[in-house]
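Trainee: The residues making up each chain are set out below.
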Amino acid sequence: SAVISQKPSRDICQRGTSLTIQCQVDSQVTMMFWYRQQPGQSLTLIATANQGSEATYESGFVIDKFPISRPNLTFSTLTVSNMSPEDSSIYLCSVEEEDEKGYTFGSGTRLTVV
Amino acid sequence: GESVGLHLPTLSVQEGDNSIINCAYSNSASDYFIWYKQESGKGPQFIIDIRSNMDKRQGQRVTVLLNKTVKHLSLQIAATQPGDSAVYFCAENSGGSNYKLTFGKGTLLTVNP
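Line by line, the protein sequences give chains A and B. Numbered per our numbering, the first sequence finishes at 114, counting up by one with no gaps. Numbered per our numbering, the second sequence finishes at 1113, counting up by one with no gaps.
Don't read these hints as lab results, they were simulated from the structure. Heads up, some of the hints might be wrong.
Claimed, not checked - Computed cross-link-like contacts, BS3-like style, restricted to lysine-lysine with a CA-CA straight-line distance of at most 27 Å: (1) B:LYS1105 <-> A:LYS7; (2) A:LYS101 <-> B:LYS1100; (3) A:LYS101 <-> B:LYS1071; (4) B:LYS1056 <-> A:LYS101; (5) B:LYS1105 <-> B:LYS1068; (6) B:LYS1042 <-> A:LYS101; (7) B:LYS1042 <-> A:LYS65; (8) A:LYS101 <-> B:LYS1105.
Between the sequences and the hints, there should be enough to build the whole structure, so can you do that?
Mentor: Rendered as structure tokens:
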């Protein structure tokens, strides 16, 4: 299965600032996704990162707050903009494996906004 | 809206016992289901998956059962070990052009030595 590297693994940020999270995959993948996992809760899809076009956002998530880049088939970034304490969560990158082998997740970025 | 949920938020078992974690789903169009294990400080780890044309699939020490009639999914772990302690999530996908995974709430499994 694909190996996903996420950076940073954790960060503590001041409110009003922005953080960019990187996701690097060791193979070319068509579908890349960004999820949020709030403390003690399940995963919620933020958006799908499309290579060569704008990301597709889920209900409740907007590009101005969570801009996403997907410059190639192995890399994506998610920015959490103008952060508030409510943005404190784990942010996870995921890819769809080829040949119908499911979805693999990175280890996540644990964000705390103070 | 459509959702995936779990019957039990916590499960505590003795080492060596079998564990059963349940999940109810509401989207009858879902045709692909995955169980994930998430240990503290880590991302979800794929355990096993099943497609809707099957009702049972076995892996190493794990079995997933799918009952489409009542929209129920379960994960059975045989001879549970302390290393199995984690949060377990079920996730569903309705297939076709809908690539999105919808996750259940999670069950915390604690294995007592």
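Trainee: Could you work out which earlier hints the structure fails to respect and list their numbers in ascending sequence?
Mentor: none
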